[in-house]
Structure formats: structure tokens, C-alpha cells
Amino acid sequence: MPKIELSQQAFFTYLGTELADSELEQLLTIAKAELDESADADGIVKIELNDTNRPDLWSTAGLARQLRVYREATVPSYTFFSHPDHTADSAERRVVVDPGLAEIRPYIAAFAVEGAPIDEALLNDVIQTQEKLCWNYGRKRSSIAMGVYRTDLISYPVRYLAADPDATGFVPLGATTRMSMRRMLSEHQKGLEFGSIVADFERFPLLTDDNGDVLSFPPIINSDRIGAVEEGDAKLFIEMTGTDMPSLLTACAIVACDFSDAGYTVLPVTVEYPYDTPVGRHVTTPFYFQRPASTTVEYVARLLGRSIEPQELIDGLRRMGIAAEHADGTLTVRPPEYRNDFLHAVDIVEDAMIGIGMDSFAPEVPSDFTVGRLLPSELYARRVTSQLIGLGYQEMIFNYLGSRRDFVERMYPRDQWQRACAEHVQVDNPMSENFEFVRRSILPHLLIAESVSANAVYPHYIFEVGKIVRRDPHDNYGSLTRDSVGMLCADVEAGFSLMSSHISVLFYYLGLQYSLREVSDGRFIQGRAAEIVISSRAVGRFGEIHPEVLEKFGIQMPCAACEIDLDSVMEL
Amino acid sequence: MSADDILKSLHPLEVKVLLHYGSNDIFDANRIQEDVGLNLGQCNQAVSWLAAKALIVEHERHHRTLYEITELGESLAADGTPEERILAHVSRNGPAELPRIAEALQLESRDVGSSFGALSREGVLEMNGAKQVSVASGTPSERMRRIRVLLDRARGGKGIAAERLTQSEREAISGISKKRGSAGAAFRVVERDEVTYRLTEAGLGVQERLQAAGITGEEIGALTPQMLKDGSWRGVSFRAYNIHVPPTRMVPGHRNPYCEYLDRVKDKLVSLGFEEFDGPIVETEFWNSDALFMPQFHSARDIHDVYYVKQPTHARGIEEPYLGQVAETHENGWRTGSSGWGYRFDRDFTRRLILRSQGTVMSARTLPRARIPGKYFGTLRCFRYDQVDATHLSDFYQTEGIVLGESVNLRTLLGFLQMFAEELAGATEVKYVPGYFPFTEPSVEVHIKHPVLGWFELGGSGIFRPEVTEPLGIKVPVLAWGLGIDRMALMNLGIDDLRELFSTNIESVRLRRGN
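Heads up: the sequence lines are chains A and B, in that order.
Residue numbers for the first sequence follow our numbering, beginning at 1326 and rising by one.
Residue numbers for the second sequence follow our numbering, beginning at 40 and rising by one.
Incorrect hints may have been included.
[Unchecked claim] What follows is a list of derived Cβ distance ranges for each label pair:
| # | chain 1 | residue 1 | chain 2 | residue 2 | range |
| --- | --- | --- | --- | --- | --- |
| 1 | B | ARG355 | A | GLY1852 | 36 to 46 Å |
| 2 | A | GLU1748 | B | ARG355 | 17 to 27 Å |
| 3 | A | PRO1701 | B | MET458 | 18 to 28 Å |
[Unchecked claim] Distance condition first, Cα-Cα at most 30 Å in a straight line; then the derived DSSO-like pairs of lysine-lysine:
| # | chain 1 | residue 1 | chain 2 | residue 2 |
| --- | --- | --- | --- | --- |
| 4 | A | LYS1371 | A | LYS1560 |
| 5 | A | LYS1457 | A | LYS1328 |
| 6 | A | LYS1371 | B | LYS470 |
| 7 | B | LYS307 | B | LYS470 |
| 8 | B | LYS197 | B | LYS217 |
| 9 | A | LYS1371 | B | LYS488 |
| 10 | A | LYS1560 | A | LYS1465 |
| 11 | B | LYS218 | B | LYS197 |
| 12 | B | LYS488 | A | LYS1328 |
| 13 | B | LYS349 | A | LYS1465 |
| 14 | A | LYS1371 | A | LYS1328 |
| 15 | A | LYS1328 | B | LYS470 |
| 16 | B | LYS349 | A | LYS1877 |
Hints were generated in silico from the structure; no laboratory data involved.
Keep in mind that this is a model prediction, so the values were computed, not measured.
We treat Cβ as the ideally placed atom computed from N, Cα and C, and that holds for glycine.
Chain A extracted, bound-state conformation (with noise of 0.2 Å):
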């Protein structure tokens, strides 16, 4: 979830009033956002957005014309779109591309724009929607990389070319000296950030104007001369070049409105292809390519629960900035410019919820009767637990992920660790050591819990009922999740013979006959360790702690422990 950055200046100008930080927080809910930080010296706010479709609402302009848009109830207008039956003049701005590009980076859009010196907030800003836009909606620049410059500098047109990146080179962005393509992804800070996007490639993507001089080296990095935007340029360039033309366009739409909002005039560009785009081989942007959705009002009030009157919904959307049309039940709407994110009638129901307004749909009780129910594990889960307590026991609950120290080097003997490792389902992509393990058995936490608790008055009886997961080459997952429950007592007197008695408690009230078989098992003392057996079936084991183990986790008490496979023992 992008959290982004703005002046409160700034941002009252877009939105044309002033707002106390609770009014604000109100609003705000309409865009999903959330007021993180209120402005502090520098006037400097910081808002949270929840929506990830809604890249148009990452930046200063684009928030505060939802907000706009919603307290003033009209749809905003932008007059420099090309759209399937009407292309924009572009004047000398051509953008050419070379048939190389096609497997690599085949679109790009681009638009120019003019007015005022940009000052810092502006520039700050435009900095900020370029990192959001590519690294949140742009998939990290890998769908959607964008470059501004200096439109005084450039000689139309400019070429979009798939370049020899041994034989090409310029000075980046942030070096003082030329260097080549391929040396920019090993030694430059954004070749070695981004790098790995067309590393692939035997050519690599570049813009130069029709002088040869280079603008940038997209996805990577701006040229040092015609991409160093400074404060105070009137003229900016603005491109971007992805793999997916519609959220191109979208993106590319979103920084025109924004540039359009702040006062500059937006200048189209023309893209000219030589070969097929979904939408032509000649494209003038910003383009809006977005198609009308539709919907019937009888399925807006069916989802919203109430019946709703077509301009009820019409007023609704309008709030939110969406034009629509009511006709003999249908409703279409035109989405804005700046959104793509109508994929189903669903998305225009939400729109007019907001914008209807939340309070207006009572909460209505539910009619429909259904039977509750535990699931018979959960069940059997507490009948264990009530005998457990009644035996004196401490409940625990315990994190599921562990290390290999603690799962498998301190339970087991040095040369089952191979063994044992290979028993356990492991992260691949651990955040720490600490938490690379799933756990496949209850016992290691119980020692954990032991090993920190020697303060603790006692005997220390301690059990936990929870999930184990344990590989399992037959299955689908190749691993199965298990309920299991695991008991520990540390004590003088804690042996087997104590830990006998309260499994023969526990299996007396949970009506079952089990019998116990001699079984080898490194964590228990050689001959002080038994199987549960149920009908030829083991279903768990229980021993003396091998004081080796004990050793290993720091344990000065003696403990016996025993685990049960829950789902074992329930199905018989």
C-alpha cells in the first residue's frame, strides 16, 4: 500500500479550500486513504492509500481531485485526449520506434508540457508519482518506466531505439563520465536496482532525439544532460515505456492530469510504430483508450440491498467523477481518463456506494437461518485440553516457525540431523534463521518454554494443542498439517513414570486402550522411551528427555514429555 508525501500548501490549492485535519480524515475515507501523519514543520503531510487500482490517487493533484470531484460534484474535463475517433494535434512531436523493440519494450507514451518554472513542491512531487507509478503499479519499473526532461534540448524527433549496449554509451545520470550500456547495470546505482529487466536481452532500450543525443536509457537511467530536470524549467518532455499499453496509457494519462491540474498545458505526442499495438500503429497520447462499462440499476440495488433510483446513482457517481447514463434500466458509465479500473459491474456498484454515501444503507439483520458448528477436531482439541488442566498442567500457545537449532540440533543426536532436517518443511526465503523451520512436532517449543522458565515455582507441567506440519511424499503438498498435542513436566520427580500415569488418565476419560512398546528415540533416554500404541496403530511417544538434549537448551531439570498425534487418535 503506497503511502505518499505532499505539501498541505499545495494540496489546499489543488483542492480549493482549507480543511481541519478531521475533516480531512472524513474525506479521505471516500478515497480509501488514510491521514498517516498530520503536517509537521515543513508542512509536510503524509497519507496512506489503500487501493492498489487507484494509481491516479498517488500524488498531490491526483488525491485532491477525488476529494474535489466529490465535494463539488462535477466530472473534471480534459480537452488534450486523442480517443479512437479523434487524434490531437501533435504538431512537430514524433516519437519513432524501432522494430527492434518489439520483444523487448515495445510501447512507449510520451507528452510535452509548458507553463509556469517548476518549483520545488512541483518537482518533489512529480519525483514521487514517478516512484510510486513505476514501483507499485509499474510492477518496479518492469511494466511501466518514466523520464522527464528538458524540452528546450531535445530536436524532434525523438528515436526509440533497441541499442548495442557494448557499442552505446552516455553520461548517467549522477557520473561525470560516458559510459557504456552494459557497464551502466554493473557499476551504475539504478543499472544495478533495475538492471535484471533487460539483462536478457542482446539489445537494450534508448531514446535520443534526432541528433543522436541521449535521453535516457529506459527503464534504467536519464542522460546527465537532456534528463537533469531542474527547478525553474518551464518545458518538460514526458515519457514512458512498459510492456502493457493500457496501464501505459493509464499511467501516462494520470501524470498529463496531474501536470494538466497544476496549470501547465499538456502537448501530445505521436508514436509511430512499425508494427501492431492494440491500439494502432499510430498513437497520439495521452490517449484514452477506456471502453464504457455498463450495468443495470436493478443490479446496483440488488448488491447495495435497497432500491435505488437511476439518478440517486447517476448523482452518486458523478461525485466520484464518473459520468453515466441511464436508459430503460441500463446503466453506462464512461470511466475517468485517469482509471482503468472497471473490470466488472461490481467496480461501478462500489463507485456509487461511495458516492451515494455509506450512511445511507442501513445495516439490516440477517434472515437466513444456519447451524453452527465446531469442527470435530476443535472439539476433541478441548476435551484434551480440560483433562490436561485437570491433571494440573499450563496451557501454552506457541509460534509455528523456529530455527534449525532449536527444531532439530538440539533434539536430536549429530548424526540424525540430516534425517531430521529433512523432515521438516522449510521457508526458502527466510527472514531470519529464527523463523526458517515449521514446526513438525510440539516438543522443541516445550523445551524452549523450560529453558526460559527455571524461576518459575515448581513442578512445571505445560501442554499445547495445535497444528504440527510434517512431509509427507504421498501427498499433493508433499506435506500434511496435523493437530497435535504436546505435554512437558520439568520436576525432581518428572519421569517416566509420571508421565505414564497422566497419559493413562487422559486415555481412560478419552475412552480408549492403548499399549506401550519399547522404542529407540535419540531425544529420550535409551530404555525410558515408549509408543502409544491403538490398535496395531502408533499414534504418539513419550519418554525421559535425554539429558544431552536437556543440555543443549540450557535445562538443569529433569523432564519427561510425550506428544500425541491428535488426528490419529480422533479417527479411531
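For this one, chain A is given, so just place chain B on it according to the hints.
Positioned in the frame of chain A, the structure of chain B alone reads:
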């Protein structure tokens, strides 16, 4: 302590001592033994308790050195000392070599040697020319006679006080005494303070009250089965206890309050007609996200948000027709009326195994087998790639659920949220705001006002997108909701660190109380 409390706190031993003496009596432990008929241990207890309560006070203190006869001393007194026995042997049997004497008397040759040394110095015995011990004067020395007197005096007694010995007796006894570890010596030396006591004013006051109340110290302490059997409890009175004595700590079997809270929420949901679901911790990308219509390129599906399983990396297969229908819905909307995401669905990636990152997984998994109308919920352990701190855990619980029905809609959703807020969280005020979740549209967040802690977000909810429900075979609207159960638990338990919920500290779990 008030006089009444003191009265109640008195042990029968104390009562008996207090009642026995008058204002002018001076007494010590020995005298109490004789006067009151208690043993020494009881006397010492009574004296120390009474002194602590300032009911008696020390009168005088004398330092005493006492010679107590040891077991060895007793046998020497009975059988004779080595010196006496050697003298008698030689007198009776004539001269003999030292080893012969040791053999005949079954004495250590070391003892025979040192005894002869002392006797020859005192001229009682001597060594003749044949290296044989022979009689010199033949009469016991003064020292020997003194030792015999002392041994006889001490036999079976309580020891001899040093001040009752003459100077020469003292010299003789100290030669056969040891201070500690008295093995090998006839006497042990005991240094002891002998203290005498008298009643204080307070003690006399309590005595008066005891007499007035008729308390004798003969009251019954414990009622025994025997007394009930033979009826001897009749006619006796029971000693009053000090009911203010702090109780001894007990460590009972005890539920974990966090688990108890989770159970209570489950029970509440069952009472509202919800049926519980559960499923595997290891999941596929398919159920974790694809089935929820989250595009495979969605930012929340990044490597830095989900834990991937190391081995095996992929499930063998995904159940059809769900895989095909979900894939097509992502690509072009399938029959859902949606445009889809317009990208090529990756059928390998969808089998990638991960640790379940959201409870909504099980809502999706439940859809294909759900009844209509139907209400389902689960409290499920979820895993996130997060730095662990007070507000983030690597694994934690989410409580999620769904409601299926021909007639469910936004208003019934709000109705459920209101019910949860009131029934589960005891909210006094509820607020609904638009929310965003990739799998619901519309989406609603519910904020509640907690009576003490103010506004907070109780959970998120919405109506499942048709792109979620239809590929899984469900044609009716489905309400979906999730509660921030761990945060609700923190509030309920009055703690502010999520890690505390899964504490490994036995003492802190023992002491934690639920609400």
C-alpha cells in the same frame, strides 16, 4: 497488631507458657520443660514466638561452657580407658612387649604407644631391659584418677558445667575433649548462652485476656477422623486460627488466556450460526491468491511478502475445473462478466507452495463445497514475511468467514459487522468506511469505539467479486469478512505486544488473567 489479633495468633504452646508464669517468675527453656511439660523443641519454639511478639523479654544471659560425654566417653567409662586397661593387663600378666599388649587388648598400637608414654612419664609403668613393659609404681596416677572420676560423674548425664570443675579437673578434662567433630574424644565442649526470660506488661495483659476468654492452650488444632469416629470432638473447643495469615501459593492447571479468548470468539461465531473450517498450513499460490482474483503480478504477492516452501517447491496438481476456470477468469474474465486482468496466467507459478499468508484462503477453499444459505468461519494461523516486533509476528491468527445466500447484500454485510462489533467486541459505536481488498467489491472496513480505548479498526469485509465466486461454482453473492483477532486479543488481555500472546515464559503465562 491489636490485642485481639495477638490473641488469635497465639499457638497453644505459647498459650500454655503465658498462662504458667506470674509477673515475678524468671524462666528458661529448661524450666519450662519441667514446669509446663513440653519437650525442648516445643519450649524453644514457644520462647522464640513469644519473644518476637514482645510478650516475654530476655531477663539475663549467661555464657556457659559445658562438657558433654560422647559415645566413646560412655564406652570408656564402662570398659576402662586404654591407660587403665594396659596397667591392669601388665599388673595381672607380667611384662610384655607393646605389640603383644595391643594384640591382647585389641587396641591400636598407636593408642598403646601414647598411653604407655604418659604412664612411663608419670612413673606408673616402665620399659625393662628386654624392651618389655613392666610395672614401676603400679598405682594409677593422680591424672588417671581424676579422669575416672569425671567419666563416672558424666555417665548418662547432661554434661558438666565448666565452672563446677576444679582447676586440675579442668586440665584433665580438656586433654580428652574436642570442640567439634567429637569422634575420638571422650567429651565434646559445648559453648552456649543460657537465657532467662520474664513476662512483659503486654504479656501479662494477654495472659489476663486468655484467662478471661477461658483459653487454655488445650484447644483442638486439627479435627481428626478418629475424633469423628469416637465422638471425642464433643466437649472440646477448637483453636481459633489467624485468618489473616497469607495463603500458600498454589500452581493450578490453567488455561492460556489467549487460547481461551480465541475459543470464546469461536463459540460466539457458532452461536451466530457459523460453521468452522480449517485447512493446511502449506498452501499453493492458487488458493492463497489466484483463486482470490489477485493478479499474479500483484504487489502483495511479492517474494518479500510471502514465505515460499523449500521442498517440494510445487504441488503436483490443482483441482479442475477450478484451475482452468480461475486461469481463464484472470486472463479474460471467463463467464463472469469481467474483463479479467488481461495477462497470461502462469500455470506453474500457481502450483508454487507457500505458507498460507491470509485466512481468506480457506474461505475460497470452502466455496466449492458450501451450502446455500451457508455461514462459515475459521481461526487460522497465517504466515508473513515480516520483521518480528511488537506489532508484527512471523505467524499469527486471522479469523475469517463467509456468508452465502440468494439475498445477501451490502446491508446484510453491515448487519453482520454490527453484530460482530456488539457481540464480539462489546462496541458502543460502530463506523463503516470504504475499504480496499483485492477480492471484494464493494469493500468495507469496520471501525468500532471501544469503551476505554477509543476508535480502532475491527476488521475488513466486502462482497466477494464474481471473479472469485463464479469460477469456484458459486452463483449467489458471498459476503466475506476478516477480524483482526490478535489485536482484539491484546485489547481483551490488556497487553500491547503481540509477542506476549505466544510467550514461552511459564511464569508470565501462569500469572496472566483473562477478561
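Quick rundown of the hints versus the structure:
For the hinted restraint 36 to 46 Å between ARG355(B) and GLY1852(A), the CB-CB distance of approximately 42 Å keeps it satisfied. In this structure the hint that GLU1748(A) and ARG355(B) lie 17 to 27 Å apart at CB holds, the actual value being about 20 Å. Checked against the given bound of 18 to 28 Å, the beta carbons of PRO1701(A) and MET458(B), roughly 26 Å apart, stay inside it. With a C-alpha separation of about 29 Å, the suggested pair LYS1371(A) and LYS1560(A) falls inside the 30 Å cut-off, and the hint holds.
Our distance criterion of 30 Å between C-alpha atoms is met by LYS1457(A) and LYS1328(A), whose separation comes to about 9 Å. Using a Cα cut-off of 30 Å, the hinted pair LYS1371(A) and LYS470(B) holds, with the two alpha carbons roughly 23 Å apart. Simply put, LYS307(B) and LYS470(B) have alpha-carbon atoms about 21 Å apart, close enough for the 30 Å limit, and the pair holds. Distance hint between LYS197(B) and LYS217(B) is fulfilled; the C-alpha atoms sit about 16 Å from each other, no more than 30 Å.
Between LYS1371(A) and LYS488(B) the alpha-carbon distance is near 24 Å, which keeps this suggested pair within the 30 Å criterion. Distance check on the hinted pair: LYS1560(A) and LYS1465(A) sit about 27 Å apart at the alpha-carbon level, within 30 Å; holds. For the proposed pair LYS218(B) and LYS197(B), the alpha carbon gap of about 16 Å is at most 30 Å, so the pair holds. As the CA atoms of LYS488(B) and LYS1328(A) are separated by approximately 26 Å, the hinted pair is consistent with the 30 Å bound.
With a C-alpha separation of about 25 Å, the suggested pair LYS349(B) and LYS1465(A) falls inside the 30 Å cut-off, and the hint holds. Our distance criterion of 30 Å between C-alpha atoms is met by LYS1371(A) and LYS1328(A), whose separation comes to about 7 Å. With a CA separation close to 23 Å, the supplied pair LYS1328(A) and LYS470(B) stays within the 30 Å bound. Pair hint LYS349(B) plus LYS1877(A) holds up; C-alpha atoms about 27 Å apart against a cutoff of 30 Å.
In this structure, every one of the numbered hints holds.
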